[in-house]
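4 protein chains.
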Amino acid sequence: MGKTRIGAAGIVGLTVTLLCFGSVLFAQRHKVIVDQDARGPATTDIQSILMFLQSPDVEVLGITTVTGDQWVKEETLHALRAVEIAGRTDVPVVMGAEYPLLNSKEESEWWEERFGQFGYKGAWTPRFYHPPEVVPELPEGKPTAKPLNEHAVSFIIRMVHKYPHEVTLWAGGPLTNIALAIRMDPEIPLLAKELVLMGSGFNVGQGGISGINGRREFNWWFDPEAVHIVMHAPWKKITITPVDISIKTFLSDDIKARIARSDTPVARYLTQFSRPSTMWDELSAAAFLDPGIITEQKELHVDIDISHGASYGQTIFVEKGTKVPEDWPVSIVQFGLNTERFYRMYVDLMTRPARTASLPASR
Amino acid sequence: MGKTRIGAAGIVGLTVTLLCFGSVLFAQRHKVIVDQDARGPATTDIQSILMFLQSPDVEVLGITTVTGDQWVKEETLHALRAVEIAGRTDVPVVMGAEYPLLNSKEESEWWEERFGQFGYKGAWTPRFYHPPEVVPELPEGKPTAKPLNEHAVSFIIRMVHKYPHEVTLWAGGPLTNIALAIRMDPEIPLLAKELVLMGSGFNVGQGGISGINGRREFNWWFDPEAVHIVMHAPWKKITITPVDISIKTFLSDDIKARIARSDTPVARYLTQFSRPSTMWDELSAAAFLDPGIITEQKELHVDIDISHGASYGQTIFVEKGTKVPEDWPVSIVQFGLNTERFYRMYVDLMTRPARTASLPASR
Amino acid sequence: MGKTRIGAAGIVGLTVTLLCFGSVLFAQRHKVIVDQDARGPATTDIQSILMFLQSPDVEVLGITTVTGDQWVKEETLHALRAVEIAGRTDVPVVMGAEYPLLNSKEESEWWEERFGQFGYKGAWTPRFYHPPEVVPELPEGKPTAKPLNEHAVSFIIRMVHKYPHEVTLWAGGPLTNIALAIRMDPEIPLLAKELVLMGSGFNVGQGGISGINGRREFNWWFDPEAVHIVMHAPWKKITITPVDISIKTFLSDDIKARIARSDTPVARYLTQFSRPSTMWDELSAAAFLDPGIITEQKELHVDIDISHGASYGQTIFVEKGTKVPEDWPVSIVQFGLNTERFYRMYVDLMTRPARTASLPASR
Amino acid sequence: MGKTRIGAAGIVGLTVTLLCFGSVLFAQRHKVIVDQDARGPATTDIQSILMFLQSPDVEVLGITTVTGDQWVKEETLHALRAVEIAGRTDVPVVMGAEYPLLNSKEESEWWEERFGQFGYKGAWTPRFYHPPEVVPELPEGKPTAKPLNEHAVSFIIRMVHKYPHEVTLWAGGPLTNIALAIRMDPEIPLLAKELVLMGSGFNVGQGGISGINGRREFNWWFDPEAVHIVMHAPWKKITITPVDISIKTFLSDDIKARIARSDTPVARYLTQFSRPSTMWDELSAAAFLDPGIITEQKELHVDIDISHGASYGQTIFVEKGTKVPEDWPVSIVQFGLNTERFYRMYVDLMTRPARTASLPASR
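Residue numbers (this note's numbering), protein chains in the order written: chain A, 2 to 364; chain B, 2 to 364; chain C, 2 to 364; chain D, 2 to 364.
Please note: incorrect hints may appear among the correct ones.
Which copy is meant is left open, so a pair is good if it fits within one copy or across any two.
Dumping the calculated DMTMM-like pairs for lysine to aspartate or glutamate here, alpha-carbon to alpha-carbon at most 25 angstroms [what the hints assert, rightly or not]:
(1) LYS122 - GLU108
(2) LYS324 - GLU108
(3) LYS237 - GLU167
(4) LYS321 - GLU113
(5) LYS249 - GLU320
(6) LYS163 - GLU151
(7) LYS238 - GLU114
(8) LYS249 - GLU134
(9) LYS122 - ASP291
If you're looking for bench data, these hints aren't it; they were derived computationally from the structure. Quick caveat: nothing in here was measured; it's all calculated off a predicted structure.
Just chain A, with the same shape it has in the complex:
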């Protein structure tokens, strides 16, 4: 009885609370486009996508794909499958650029002949190379969902105009889509809220594609000219998660075990497919969701070498305060993190029940 009464009052109160909380949440939720070279299953690419999908703090406007770790056609299917597993088919997957602007498998091979062989070249890596139109069988199962009937670049442009000054572009792969969006519509950097990305390397002897040379970080190396376009655009804010901080993380068996205790589809998927690895993109996603994870960051002018020589695709940078050309803004570059806080968030997000797509679709 009392229980009923209390219950009744409780239900009303709860409803009100939820409505208030809901609208507050809605107002506060960051609108994000997750641009990713979505190698699957699992991998740092898909895991960071799942973090966004599971987080109550963001509204993922869409997941846009781009060739990088794999070819974009294959990646798009992996992304779709991940969205299905997360129960978030309300979030569109939008296929993007199949090739980088200038870089190519052929150019990478000429480069290697002169300057030394790479250990990893994403979709171009010889030991698992296949042509862009080939899609090997998906271990995690084929998605039934379809990508949006629109190009990722058009989607990015459309969303940024629909929600001026509200959209965060978060990029976990090569920057081809974003560079194309800028060249199609120069207002994009001015109309977006901010750019957050995983890429680049500074002073670090791991994490790059050429072993000990961390400045040749994969995402940036894969499409250097795209990076150059993006890093000289008039964004209101650029935040970079470089390999220097990535390599301070590790997706250990212990973390996997903590996730395996959960029995959600996401947890089961990760338990089956996730591998021990540096947490490149997960950290970048986490630092966006909870900036308190970052304990050290610097403002630097950051760019990439687009000379087609020995340093093609290497990060270049100078300190804030150095006299540089006017169109070269500073970026906020993350160097230190609270590791425990990061791992805790990761496990928490990955073991939650799926977010329901309760809110009206905003696209």
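Given the coordinates of chain A, work out where chains B, C and D should sit on it, guided by the hints.
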């Protein structure tokens, strides 16, 4: 009897034939997208657009604009006004890229400090520079027509897919739009009928942007990376009108006088605004409309230097038969022309009454 | 009587005249160092050396050799043999640089993979390649003379200091020796009288090492960085014989026949070994010996592309009057010649009796 | 008397001892050419020279100078003065290259406009720039000794041929002299014993010329093309002291105080002129004199970027075992040191009495 019967049948047959022939003619009209840095009024850019609009042999699917001789916003208005004057507002004008992929006014200035000042830099020429969003008053009057509410790159992609293997992409300016179309949709070169363009320079001491150095031809220099993307794409056919042949033409006072005898809006517009000049784009348009104008051409592997050094934007080329990388196709490069035939066609097209837009719009 | 008297007076007068004339001659004779990639036997390289040796107007201080058309060790023997045949062992042959500053056979092969195969690469040409220390048998016989026990670069520096403002450096090959001399002693350009060279290409579709691309002229392409050093040094005067004028010449069977009528060792050597060919270096030598041969020349700022990309080793140039960096002087570039006068001089020099080395050696 | 006897015995004994000691020493002593951009007074450049001069274990064949931290004319005087102060005028000072091969003050200024201002440019640093021929007053006094009447490059070539397989080339400055020696005589790397150098940077955020970018280390950046020539030459052994290890050292006030306790001319000179600083060249010298100072080193393929773009002059490297071109040898790169052992050696050498030049000059 048999004869009569045959005759009757013949007449019917003839009618059918004519109808068929009519539709055959229609089927044969070349579908062209005219991609142009449409500096106006008049100029080689607008004059070549008018040739296409006046020609009975082509169906202009659209005029797409791109920054080059002027900024694209200004050019788009000049193109719209030209379309109005030609009475062809049935042909859409579609605005394209505002900036080249990598090249920039700033980079051109650094280059000049090291390697010598340019005589002409299109929209970046100091003596008539204004920012991209500024549109000076149009001497020929403001157009009332509006550009299509679509980006030139999307328009190109849409048209090429709508009419697979039928569309000629004719480019009289920097190749930014076409390169972006390729990077948005790698099937474009395979689905287009052919690419025809004005650009590049080989062995010629005039016609380039640096006086005696004809290999640094303006259209190509303005967006070298776009040229590189375009020249390595799998087109079925590439035809190039280089400055080597351009400089064998001249829009003289005599030609102007022959046009001035006509009293069409187009002739009046040209009489008022056209200036004596090399006929770069008019020749490229003419050679497409009547290949018989060309008396000498060669097959060459053609590309551009994208090193950001002394030769940035210079044409590079090797003879057909030279061992080159597989993805470097040959182009047909025009070197000799029948000048009289060309001038005759130009005067003829420019003095015709406006084509009526009698055919059902195909877009 | 009168005769005797006259004679006596005459003898005295003659002696005086001769002495005066001699000293006048001596004073007027140009001191030249002939720097050459002396491929032998005969060839444009050796033939130009012979012109200098046979000319009464120059004092050849030495012949310095440099790898280019062949490796320098082989060339040095060909040069020594030519000096012997011309009876001019009073002129020292001095061996120079074996390798260009930066360019290499390996780099040329990488370049070819990307940008197309070369037709000719001098000592690196695959069809007659041998290592630098190998010297194939000399068809014209082995020389008994020895090269000077000094490096060509030291010799150049020593001579220019010995005869300040008197020495013409004439270069018919890659500019490695001269660049090294400048970097060893920055005063060389200021202390030399002038620099005369065969190299570079402007607007011409023959004569280069890549078929139709005349701007990639062999001498300059072989050591681009040396050219860059040389063309930015403070010479009092630079004169260039480019391929644009070279290709207006031809060493025909007719010219050979005119030489064959002579029975000097030089004529016999040429009759046996000389081949029909463009007269690259002979023309440059001739124009130095008789400037009247040149009918058209221009002042241009000339340099070379040292970007290691598509245009590595291509001539770059801008018109005099263009705003360029201060340290980029103009060169006099020859474009037109009096062909008959040139051929006449060539035949005349090659059919003369050997000059006797009557003058005291000046080194 | 006794004195005489003792003296007599003493003289004999001493002579024997000296002969034995001398011959043992002579056999063991490393023959070194110290190639240095000898900024003075004191500085890391001069201090490392003094270490070699003071060490009983090496025979310094000569000190060759090269522009870098200062212009070579000024440096040569500082080096001569240091030699005088150390009482070692038996060691010749030989002046070398005034300019790097390709790099220049002008190029550095163009670079800075595009990619950001440098903090330090050696002889080209604006805040203390003067022309190469100007020599400001020497605070430590003018030397009376003169440099050898020979060019450093000739000297290096001559010594390496005189003592085949015995000479260590130790380079503490830009590699211009050594590169020129290689290009003058390709046998130098094969005939030298080894190459030891201070230069390059790998993964370090200090010590370079652009603040946080340690890969643009001064010595290497000043003449990148020289480094490229040197690093692709067939040395028997290359040892590199990079800034990564340099920055683990510091010439503190404490070390200065320990030296100040000594009253030798060298100690007095250092006490007066030496400044607290990273010990770049001292460490490289020390590690050569006592390899036990180094606690960690790696074998890497090391080179430099010679593209004239954003990374011009930056160290490039790949791990040993990577597939690289055949002509790219590995170098031994030092990363860790026993700091105390290093400081002890430094203080010990700098506080010793001057070595007497007791041995017959070997040049």
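Hint check against the structure, violated hint numbers in rising order: 8, 9
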